[in-house]
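Chains A and B, in that order, are what the protein sequence lines are.
Heads up, the first sequence is in the working numbering, so the first residue is 1 and it goes up one at a time.
Heads up, the second sequence is in the working numbering, so the first residue is 1 and it goes up one at a time.
Watch out, some of these pointers could steer you wrong.
List of simulated lysine-lysine pairs, PhoX-like, C-alpha gap at most 25 Å [as the list claims (entries may be wrong)]:
no.: 1; chain 1: A; residue 1: K277; chain 2: A; residue 2: K189
no.: 2; chain 1: A; residue 1: K189; chain 2: A; residue 2: K276
no.: 3; chain 1: B; residue 1: K293; chain 2: A; residue 2: K42
no.: 4; chain 1: B; residue 1: K293; chain 2: A; residue 2: K293
Computed footprint of chain A on chain B; a stretch qualifies when at least three of its residues, placed anywhere within it, have a C-beta under 8 Å from a C-beta of chain A [claimed, not checked]:
no.: 5; region: 20 to 34
no.: 6; region: 304 to 316
Quick caveat, the hints were computed from the structure, so don't treat them as lab data.
Because the structure is a prediction, the values reported are computed rather than measured.
Glycine residues also receive a C-beta, built at the ideal position from the N, C-alpha and C atoms.
2 protein chains.
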Amino acid sequence: MTQSLSQLPQSAAVDPRDRPLRVGVLGFGGLGQAAARVLAPKREMRLVVAADHLGFAYDGAGLDPDRCIEVYGAAGTLGALPEIGERCDRSIEAAIAAAQDVDGYFLALPNLPNTFMASVVDQFIASGWRGVLVDALKRTSAMEQIIERRDRLAAAGITYLTGCGATPGLLTAAAAIAAQSYAEIHQVKITFGVGIANWEAYRATIREDIAHMPGHSVESARAMTDEEVAALLDRTNGILALENMEHADDLMLELAGICDRDRVTVGGVVDTRNAKKPLSTNVQVTGRTFEGKISTHTFTLGDETSMAANVCGPAFGYLKAGTALHRRGIYGLFTAAEVMPQFVR
Amino acid sequence: MTQSLSQLPQSAAVDPRDRPLRVGVLGFGGLGQAAARVLAPKREMRLVVAADHLGFAYDGAGLDPDRCIEVYGAAGTLGALPEIGERCDRSIEAAIAAAQDVDGYFLALPNLPNTFMASVVDQFIASGWRGVLVDALKRTSAMEQIIERRDRLAAAGITYLTGCGATPGLLTAAAAIAAQSYAEIHQVKITFGVGIANWEAYRATIREDIAHMPGHSVESARAMTDEEVAALLDRTNGILALENMEHADDLMLELAGICDRDRVTVGGVVDTRNAKKPLSTNVQVTGRTFEGKISTHTFTLGDETSMAANVCGPAFGYLKAGTALHRRGIYGLFTAAEVMPQFVR
């Protein structure tokens with residue numbers, strides 16, 4: 001008799017009588033470190049391996065996030081952790097090989113260059129490892145590269161969930177739910193608000209935002225001096241208004257059959273002179289009901305929730321859901337708009 | 001090679017090159033009639049059978065909703081439809097037997113008495129029919145009866161999705177998504193707003209609402225005369241404020257492992273003297289992030305969306321998702337908080 005998925009939280013997927021899921025995190029910058037902290041109190045998941053570009057650390061008994069963050073901060077790599085760390089080239093490949101018993105990985109890697117995540121996926125496919133992979137990719141063009149690998153992922157016995165952060169991710173999934181009220185979707189509009197008191201603490205992020213502005217590119221923004229950035233911000237009173245950003249929410253909602261991708265827009269307002277957000281991050285789904293009424297559902301994130309909370313929480317929620325699929329032999333590629341994330345305790 | 005679920009909208013689940021899903025609707029009151037209208041323009045689903053308590057109509061080529069509503073209004077039963085209608089006792093049993101090729105049913109039946117839906121489920125289990133069933137049940141105690149039938153549904157080859165309307169349903173699923181940002185959920189608060197210009201057009205609904213008020217019951221509310229209802233509404237300026245209603249959102253979020261059911265509340269405000277809603281229907285999810293911040297995500301429905309749109313749209317979205325599960329041999333019981341609904345084109 002087939003067991004219902006709804007029984008999985010109590011049984012196959014993550015049985016408290018069983019062992020917690022063994023989880024890996026690739027990338028140990030801000031996002032990877034937050035992921036380690038998110039996992040620390042969980043009973044259903046245990047962080048056993050984490051890698052950066054200079055090395056990795058593996059401990060089947062579980063990694064201590066404070067210790068990892070301390071050593072990474074001091075030595076620049078988790079490879080410097082005594083006994084459990086290993087400095088190496090090709091650290092991702094080495095980590096996968098060392099930690100064969102890992103159930104799933106959160107790929108918390110910066111996708112630089114834009115083909116990097118796809119190359120990591122190829123390493124997983126080549127390694128023979130089977131399990132669940134979750135990414136929090138942003139750009140549509142990067143996700144298209146992952147989608148090209150759909151059949152190879154399925155053949156390798158990997159269940160891959162893409163776009164599982166905040167946007168794409170949390171907000172895309174909320175849009176997929178909201179769409180259900182409508183016969184036709186006219187627009188999905190994602191708007192994020194970011195407030196930072198002092199832009200100089202976020203030089204890389206601000207340049208990444210500037211790269212999205214008209215007349216700028218990743219290269220031109222990176223080449224700007226601090227004085228040039230400050231001068232630009234003076235002209236805008238510290239506000240960066242971003243429109244029509246390349247975000248894979250559009251591709252995901254199109255793949256889910258909800259609307260054509262050109263009806264999905266992502267933009268935001270970054271205030272570089274106030275810690276308070278200039279607006280609350282939200283997604284608005286506008287459509288026509290079967291009676292012919294035009295209306296808009298809105299999903300709004302609480303201002304006190306950080307980017308780290310809104311990315312890492314969903315990422316592990318999708319990793320848990322992906323594990324339930326994997327244990328049923330369901331492999332291949334899914335997006336965050338197609339699978340309901342499961343709450344991780 | 002296992003096919004990925006993300007390919008299902010284009011292939012196994014509902015392939016436009018293939019045939020549309022054959023759908024049935026049980027119950028032909030306001031909700032069943034709206035369901036027929038929702039389905040009319042869909043390419044991926046076709047309404048082929050509908051039943052009321054006095055008869056049913058079945059046409060493999062598809063039922064015309066206008067014609068069905070007209071005949072039902074005039075004759076009181078779909079059984080009066082020439083050629084395709086049949087008046088009968090035990091009309092649900094007869095409809096199931098007559099329409100063996102139906103892929104899935106939306107159970108748009110009023111659950112009166114509180115054990116009625118469970119008895120319908122028993123009829124499906126006994127019939128030998130295999131497919132997808134979707135309900136829009138409200139009360140926790142009614143859903144508990146369905147959940148008791150989990151193993152029998154799985155053994156019968158039925159994929160049953162419960163609580164797939166607006167609340168429970170759309171709002172519960174949105175709450176399950178919103179919960180992902182938090183390490184712990186403190187409260188899920190669902191509040192609905194209803195505005196009606198003239199309560200006398202909704203005598204039964206108003207009495208149902210009064211039954212939820214302190215000091216009232218289903219029996220006492222039903223026994224009230226129109227003068228007594230009018231007097232009550234005069235005392236409240238036409239406002240019915242409902243708190244701590246018995247809604248299965250609590251059970252569904254508990255089963256999904258999101259929070260204990262006592263942290264979930266459902267209430268609403270009904271203005272019986274204004275068509276404008278006194279407030280927008282919404283769900284607020286309050287929790288603590290991994291950094292210790294307390295915050296609230298909010299999902300708000302557009303005021304122009306009707307109850308019918310917010311119930312029937314999700315119901316068929318879950319029926320489509322349920323079909324993908326059924327075609328993979330995944331049977332048993334699921335709630336709307338565990339499965340991502342699929343948009344029906």
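Consistency of the hints with the structure:
1. A:K277 x A:K189: holds, 18 Å
2. A:K189 x A:K276: holds, 22 Å
3. B:K293 x A:K42: Holds, at roughly 17 Å.
4. B:K293 x A:K293: Between K293 (chain B) and K293 (chain A) the Cα gap is close to 39 Å, so the pair fails against 25 Å, i.e. violated.
5. 20 to 34: violated (count 1)
6. 304 to 316: n = 9 at 8 Å, threshold three: holds.
Checked against the numbered hints above, the structure violates hints 4 and 5; every other hint is satisfied.
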